[in-house]
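Asker: Protein sequence lines correspond, in order, to chains Z, A, D and S.
Everything in the first sequence is counted per numbering that gives the first Met the number 0, starting at 0 for the first residue and increasing by one.
Everything in the second sequence is counted per numbering that gives the first Met the number 0, starting at 0 for the first residue and increasing by one.
Everything in the third sequence is counted per numbering that gives the first Met the number 0, starting at 0 for the first residue and increasing by one.
Everything in the fourth sequence is counted per numbering that gives the first Met the number 0, starting at 0 for the first residue and increasing by one.
Hints were generated in silico from the structure; no laboratory data involved.
What you are looking at is a predicted structure, and each value in this text was computed from that prediction instead of being measured.
The beta carbon of each residue, even a glycine, is placed where N, CA and C say it ideally should be.
Some but not every residue of chain D turned toward chain A, in silico, with C-beta under 10 Å:
#	residue
1	Pro63
2	Asp91
3	Gly94
4	Glu95
5	Ala129
6	Leu131
7	Ala132
8	His135
9	Pro300
10	Ser302
11	Ser307
12	Pro308
Among chain Z residues calculated to face chain A with C-beta under 8 Å, some are:
#	residue
13	Glu151
14	Gly152
15	His155
16	Glu156
17	Leu163
18	Ala188
19	Gly198
20	Gly200
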Amino acid sequence: MSKQISDEVLLDIHRRMVRIRIFEETAGKLAEDGKIPGALHLYVGEEAVACGVMVHLSNKDWITSTHRGHGHLIAKGGEFDRMFAELFGRSTGYCKGKGGSMHVSNLDLGMLGANGIVGGGPPIAVGAGFSNKFRKTKNVSISFFGDGASNEGAFHEAANMAALYKLPVIFVCENNGYGEYTPQANHQAIVDVADRASGYGMPGVIVDGMDAVAVYEAAGEAIERARNGEGPTLLECKTYRYYDHVGVRGMGMTYRTDEEVEYWKGRDPIDMMEARLAEQGILSKKDAEAIHEEVTKQVQAGVEFAESSPMPTPESLLEDVYA
Amino acid sequence: MSKQISDEVLLDIHRRMVRIRIFEETAGKLAEDGKIPGALHLYVGEEAVACGVMVHLSNKDWITSTHRGHGHLIAKGGEFDRMFAELFGRSTGYCKGKGGSMHVSNLDLGMLGANGIVGGGPPIAVGAGFSNKFRKTKNVSISFFGDGASNEGAFHEAANMAALYKLPVIFVCENNGYGEYTPQANHQAIVDVADRASGYGMPGVIVDGMDAVAVYEAAGEAIERARNGEGPTLLECKTYRYYDHVGVRGMGMTYRTDEEVEYWKGRDPIDMMEARLAEQGILSKKDAEAIHEEVTKQVQAGVEFAESSPMPTPESLLEDVYA
Amino acid sequence: MAEALEKPRTLPYVSAINEAVREVLNEYDNSFVVGEDVAGAGGVYGYYHGLLDEFGPERMYDTPISEEGIIGLGVGAAATGCRPIVDLMFMDFMGECMDEIANQLAKMRYMFGGRATLPVTMLTMGGAGASLAAQHSQSLEAWICHLPGLKVVMPTTPYDAKGLIISAARDDNPVIVCLNKMSLAIQGEVPEGSYSIPLGEANVVRQGSNFTIVALGRMLHEALKAAEQLKEFGIDTEVIDPRTLQPFDTATVVNSVRKTHRLLIVHEAVRFGGFGGEIAAQIQEQAFDYLDAPVGRVGAPFSPVPFSPALEAIYVPSADSIVAEARKLLGL
Amino acid sequence: MAEALEKPRTLPYVSAINEAVREVLNEYDNSFVVGEDVAGAGGVYGYYHGLLDEFGPERMYDTPISEEGIIGLGVGAAATGCRPIVDLMFMDFMGECMDEIANQLAKMRYMFGGRATLPVTMLTMGGAGASLAAQHSQSLEAWICHLPGLKVVMPTTPYDAKGLIISAARDDNPVIVCLNKMSLAIQGEVPEGSYSIPLGEANVVRQGSNFTIVALGRMLHEALKAAEQLKEFGIDTEVIDPRTLQPFDTATVVNSVRKTHRLLIVHEAVRFGGFGGEIAAQIQEQAFDYLDAPVGRVGAPFSPVPFSPALEAIYVPSADSIVAEARKLLGL
Ligand SMILES: Cc1ncc(C[n+]2csc(CCOP(=O)(O)OP(=O)(O)O)c2C)c(N)n1
Ligand SMILES: Cc1ncc(C[n+]2csc(CCOP(=O)(O)OP(=O)(O)O)c2C)c(N)n1
Ligand SMILES: [Mg+2]
Ligand SMILES: [Mg+2]
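Chain Z extracted, bound-state conformation (with noise of 0.2 Å):
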């Protein structure tokens, strides 16, 4: 399988995940020190999913995202002064401080916006898959959503929207397992969300969301039918985060056992994609270590910018409401 894939691709899939990893582990560490403001969504754990999409896609590729949407934004391009810039609440943000981590986005680089409200995004991907369609482009948009929204009537018109169409729209579902505390059991009668796809006429696939090799080929596929006008596709990734549903805390969560935690952090995505890559002969041990610095070092770059960073001024309270 993975053969096909070029060392560059399995390269960039792997910075990419660093790049959320370590972005993210960092704004972890300033939003408890009390430096960002408001709800903090990390996306550690699950960094396979956006990377093994997103590198199929180029600026003119839409996405939608989710409360969740920092690792979307890294993985589609996004660059990490900016974002923290937001995150902090600063003029120099990607939304000018308006918009804050449940709000980042950059429609240059195709990003259509984390969304506040759960199941916000799979709609607004389908207007921008129909945009595709009706504009003769073959480009595609891309939902990303939880096992959480998938519960939403939202993702359901949205789906049955883009198979009637025959749109050029992914729906990719980052089951996680949990909706906030609330685990899959508690919230829907079925194990996997990729059942759903029959019901709306489109293949449902499901993919380790761990593996980012597996999610790339996966996602390539669809992303191929998609382009190739034959239509939407709903991909399972199963994946995990490693932190709460909001901020930080890891372990001793009362709603998920340590046991469970452990399990999935033995399947690391960074890790896995590391060990393959070293296997092959592809990136060394220290050559990682090296990217990890490097990475490191323009995250810090980032805050540094962000800190330094004016506040939005008290005018720009008013601006940017209407065009």
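Fit chains A, D and S with the ligands to the given chain Z structure using the hints.
Answerer: Chains A, D and S with the ligands only, in chain Z's frame:
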């Protein structure tokens, strides 16, 4: 199959269907004559669905209905006089004239109302089912809804919750092939709405909605499962409405062919039931005619009651807003 | 506006809507219409009649009954380069898609720091009077006027319907067009071709010297009748149609009140919590010293819309109820 | 109320909510709580803490993220003999379930000619100040106050939170309880046991002679601070907490204005189209001859709620902005 069904039940189903048919034909004429204000959505052609289901229920079993709700109320025991009075907007109507055709209801009969909102019913039926389970009754609730309604987010959320809590709810999809003027193929990429059931973790059953006995049997199983605590079922009944989406005009409609209408009329649920009853020696043609005549008289009496009933008083306008 | 107003003909409101949508589809290649039964059926009230034939299925789309999906499609398509017209059959159905309207459509530009543009035109229809009962007769403009990021217009005549829809579509912001089902047959002069009506400017429909009525939507016609009746009492009524509710043209109303010293606001929506409260609050604030009487409001009483024609007739404000309230205000 | 008010203790608002729900579950066997993360997690802000242990899974239900389903469940359960408490985590999410709120819950009784009773209590939380940005910080009470069939309360103190929730639950009508996220830690005296606060009666929290402030929700506390600051200017401020917005206790405000001749309304919601407009319109109508200045309004400016603390701090009304507006009104 039908051998186990008693003559009584068959006759009961038949009579309910005739009651609906004659009520609806009469209401249609009255609407054409300008005697019934507002919008009238006729159920003619779909009688087997309401009656095959409803004959299983007591007044303590709840149903939610749709904009096309007269048939459901009649099958649940609604009286012509108070129904016509409601359609005429008279104070003697089931809703004192405040609801009209789109909101006819009778809680004493377990009928939680027609509903002007497509998809309005399923969440309410889930509430009634929840209530039955919570109060430890053996009663069920039934949500009737259309193929068009199956695309509303509300249906999705309701179905998921019913399955999750294993509620005694049956989702009866009256698939008449159209949502207003839009054929099913233009509103969803699937042929069988029942295909959606597995996505919630409940059984999906397809039945000939023109065959009251088939509906009776399938509904009976689903209701039995529900009463036994085995959870919800999605029961799709393939059926057809003879008249226009709203109002009467039947043939010569641009969005469907006369051949299609004729095909379904050739499978008329009442004709088929009467043929069966005659064949089985349960009801002769003549006896059937007598029933039609008797019901016609009852319908006429209902109309007279309504026409001679007073309009609501101006004071009543502000009554019933609050308890 | 620079456009020549050509060949006015007498047309019903419903045809003016139709012409407006046709003009928009001609003007913008990236414009299309999505909604329930808008294509094949031409709209349940017929205002898209003929457009499928004229523009083909690539511009006119029937949708599933999925209001959240429909508005969301508009949001996503607009943010990525289209200029969609989305149809919400009845304004009462905003309940199904209020998240997409309030949390996505209205806020996306601001949340993204001004880096998204959402030229969405949403057509929807409100109003009582057709015996359609509580869920198909509401006037819920108060909900959307409270939402920064949206514009809201309410056309009262065929001329306004065409011009305001074209203006809405040309605007780079989301604009919700609140149509009225009882106005569909109203006749009026409508120029051929394309023209626009500036958003945010009220229309002084009738000049008067000692009493002002601000009337929203269909109530304009009742207000004009009431103005005639009030002549009997020596009252010379100025009647203002705001045309746009958001942004609201307060200045025109203030100027009128400075002259007339009395104001009555009329809308079909439930009086309590309706948009009239905002107008009244603004005018008493900005023209306090000019007011010889409190600002009055006529609106629907505090109940859902009743089905029975006997009740609906007294529920919906009319020229008579406007006159009655005016007389109270004027002490006549 | 006949109930003895026993053993007041100092408790935070969040614990008062918790006690209220506990009392209701004890009082009504047919009552239960449904909502996202209300059971296992005890609510995302902890106000259901411990109730799952105390009452068990037959009374406390976690739901899927399905707001329309949740409210619909409440409607159906209430119409068939239960007395549900439904939790809508953030008021901003009314967009997801506005149909169930507006078209089903509020109207079912009326549409059915009075033959359904819907004793639903809906708890939801609004308000800005926590850097939660545009979709988690709104105050949207204006939407629901415009809907005949609903009652709406807005508790400002721990005492009120407990009493109003109990009253809401005892009422046979749907009552929406608008809680405030920035008030959760506010301390106040709360009696043990069960007590209620009559719906529809305002609370004159501070007596004053020459200026009246009506303050909604959390703004009460800012208004009380503003009243202290205004003393400097010789202003003796009366502060009224309406407690219930629907039905609104106009009489108490009118009586106050007859005495003070000046009124300022304060709410956190966007000023334009907010509930303050309704209050202003009513008071200028009913106390026109007593007003020495226009009725003033303080509310949020016309933008979505910004994320950045720097912007949010100036977005949300405060004692200072209240004083500034009061001075304008009073010409000081
Ligand atoms: C409409 C809506 N309902 C509820 C919430 C509160 N909420 C935020 S995240 C979340 C859980 C989402 O679960 P899932 O979709 O599985 O995503 P995950 O957090 O697991 O990535 C909830 C309930 C919300 N933001 N929006
Ligand atoms: C929320 C909502 N959207 C749209 C409508 C308008 N409408 C009324 S009936 C109908 C078609 C319903 O189709 P289906 O569910 O198949 O029921 P049928 O009429 O075929 O019985 C539509 C779109 C509505 N009443 N409510
Ligand atoms: Mg999840
Ligand atoms: Mg149908």
